[in-house]
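Now for the letters of each chain:
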Amino acid sequence: MTNFVETFPLAYLEGGHGDSLSIELYRLWKRGGGGFDERLLMFAPHLILMDARAEPGDSPQILYSGDKTLATTVFGADWATADSDMRGSINSGFRRVVSAGYHAAIENRAPQYELISAELPLSSERVLEVRYERLLLPWHTRSGTQQLSCYANPIEILLKSDGSYDSLPLPSFRRSPDRYQ
Amino acid sequence: MHFGDPHDGHVSDLEWSLDWRFEQMLQKLKKYDLQVFAQMVALQQFGDPDIGNLTTEKKRVLIDCCRNAIVAAMIQETDRP
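As they're listed, the protein sequences go chains A and B. Going by this note's numbering, the first sequence opens with residue 32, and the numbers climb by one from there. Going by this note's numbering, the second sequence opens with residue 34, and the numbers climb by one from there.
These aren't lab readings, by the way, just hints derived from the structure by calculation. Watch out, some of these pointers could steer you wrong.
[To be verified] Under the rule of at most 25 angstroms between Cα atoms (straight-line distance), these lysine-lysine pairs were calculated in the BS3-like manner:
{"id": "1", "chain 1": "B", "residue 1": "Lys61", "chain 2": "B", "residue 2": "Lys91"}
{"id": "2", "chain 1": "B", "residue 1": "Lys64", "chain 2": "B", "residue 2": "Lys91"}
{"id": "3", "chain 1": "B", "residue 1": "Lys64", "chain 2": "B", "residue 2": "Lys92"}
{"id": "4", "chain 1": "B", "residue 1": "Lys92", "chain 2": "A", "residue 2": "Lys99"}
{"id": "5", "chain 1": "B", "residue 1": "Lys64", "chain 2": "A", "residue 2": "Lys99"}
[Unchecked claim] If you want the footprint, here are the derived chain A segments under chain B, 3+ residues with CB under 8 angstroms:
{"id": "6", "region": "48-61"}
{"id": "7", "region": "142-153"}
[To be verified] Incomplete in silico selection of chain A near chain B, CB under 7 angstroms:
{"id": "8", "residue": "Glu69"}
{"id": "9", "residue": "Met73"}
{"id": "10", "residue": "Leu94"}
{"id": "11", "residue": "Asp98"}
{"id": "12", "residue": "Lys99"}
{"id": "13", "residue": "His171"}
{"id": "14", "residue": "Ser198"}
Note that CB positions come from ideal geometry on N, CA and C, so glycine has one too.
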C-alpha cells in the first residue's frame with residue numbers, strides 16, 4: 032500500500048461537498064472565527080483535541096479523544112481516558128506520514144481538509160490500512176490558548192493479519208447535526 | 034489521617050487535598066478559558082457536561098484528564114512573545 036495525503040481546497044467544503052459533519056464543523060469554525068466555545072460540545076464525541084504545538088515530523092500531543100472518533104474506535108475506550116500518553120500509543124511512522132497537515136494548520140492558523148491513505152501498524156503482525164477524510168481546525172480561546180481539533184471520517188479500514196485482509200465495519204458518522212451525540 | 038496533615042499517608046488519597054487540587058484546576062481552567070474542554074471531558078467520562086457538582090471520584094478523573102491540556106496551555110503562554 033502506498034501512503035499518501037492529498038489536500039483538498041476548502042472551497043470543497045464551502046460548496047457543501049464532502050462529509051456532512053465536516054461541513055458543519057467547518058461552518059461553525061468560520062462563523063465563530065475559530066473561537067473555542069460551548070457550541071463545540073455537540074461535536075465532542077467525534078473530535079480529537081490536540082495541543083497546537085508539535086515537533087517537526089510528528090503530530091501534536093493528544094489532549095482528548097471522543098468516544099466516536101476513528102482513533103478511539105481503533106485503539107479502544109481505555110486508550111482515550113485518563114492521562115495516558117495517547118499519541119505515544121500510535122506508531123511513529125504513521126504519525127510522520129500524517130504530520131504535515133497538523134503543522135500546516137498550526138502555522139497558517141487555517142483549516143486543513145485532506146484525504147489520507149496510510150498503513151497503521153498495530154503490532155509486528157497486525158497492520159491497519161486506513162483511508163479517511165480528515166478535517167483539522169485551529170481553535171483559540173479568549174485567553175489565547177490554542178488547540179487543534181481533528182475530525183476523521185473513515186472511508187475504508189482493512190486489517191492485514193498473517194497475510195490476509197479483513198474489512199472492518201465503519202462507524203456510522205454520517206448523521207444530522209442534532210444526532211451528533 | 035490526623036487533622037489533614039499532608040505528610041500523613043498518600044497526599045493524593047486525602048479528600049481535602051483532592052478538593053484543593055480540584056479548586057486549583059478550576060482556577061487554571063478559567064485562566065486559560067478551558068472550561069469547555071473540561072465540559073467535553075465530563076460529557077465523555079460521566080455522560081453530563083456539568084462540572085459544578087462532582088463526586089470525589091469524578092473530581093479525581095477530571096483532574097487526570099485535564100492535566101495535559103492545562104500544562105499545554107501554560108507552555109503556550111510561556112512561549113508567547
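Taken at face value, is the distance from the CA of lysine 92/B to the CA of lysine 64/B at most 25 angstroms? Status holds; Cα separation ~19 angstroms.
Hint validation: aspartate 98/A versus chain B, beta carbon distance must be below 7 angstroms. Holds or violated? With a minimum Cβ separation of about 6 angstroms from chain B (threshold 7 angstroms), the hint on aspartate 98/A holds.
Going by Cβ atoms only, is leucine 94/A closer than 7 angstroms to chain B? holds, 4 angstroms
With a cut-off of 25 angstroms on the C-alpha distance, tell me whether lysine 61/B and lysine 91/B pass. Status holds; Cα separation ~18 angstroms.
For the pair supplied as a hint, lysine 92/B and lysine 99/A, is the alpha-carbon distance within the 25 angstroms limit? holds, 24 angstroms
A closest beta-carbon separation below 7 angstroms is what the hint needs, so does histidine 171/A meet it against chain B? violated, 9 angstroms
Measuring from the C-beta of glutamate 69/A to each C-beta in chain B, is the shortest one below 7 angstroms? It holds, given that the least Cβ distance between glutamate 69/A and chain B is near 5 angstroms, below 7 angstroms.
Closer than 8 angstroms, Cβ to Cβ, for at least three residues: run that test on the region 142-153 of chain A against chain B and report holds or violated. The restraint on the region 142-153 of chain A is violated, since only 0 of its residues have a Cβ under 8 angstroms from chain B and three are required.
Please check whether the region 48-61 of chain A has three or more residues whose CB lies within less than 8 angstroms of a CB on chain B. Violated: only 0 residues of the region 48-61 of chain A have a Cβ under 8 angstroms from chain B.
Check the hint pairing lysine 64/B with lysine 91/B against an upper bound of 25 angstroms on the C-alpha distance. Judged against 25 angstroms, a Cα distance of about 22 angstroms means the pair holds.
Agreement of hint methionine 73/A with chain B interface, Cβ distance less than 7 angstroms: violated, 10 angstroms
Holds or violated: is the Cβ of serine 198/A closer than 7 angstroms to a Cβ in chain B? The hint is violated - serine 198/A has no Cβ within 7 angstroms of chain B, the shortest such distance being about 28 angstroms.
When the structure is compared with the earlier hints, violations turn up for hints 5, 6, 7, 9, 12, 13, 14 and for no others.
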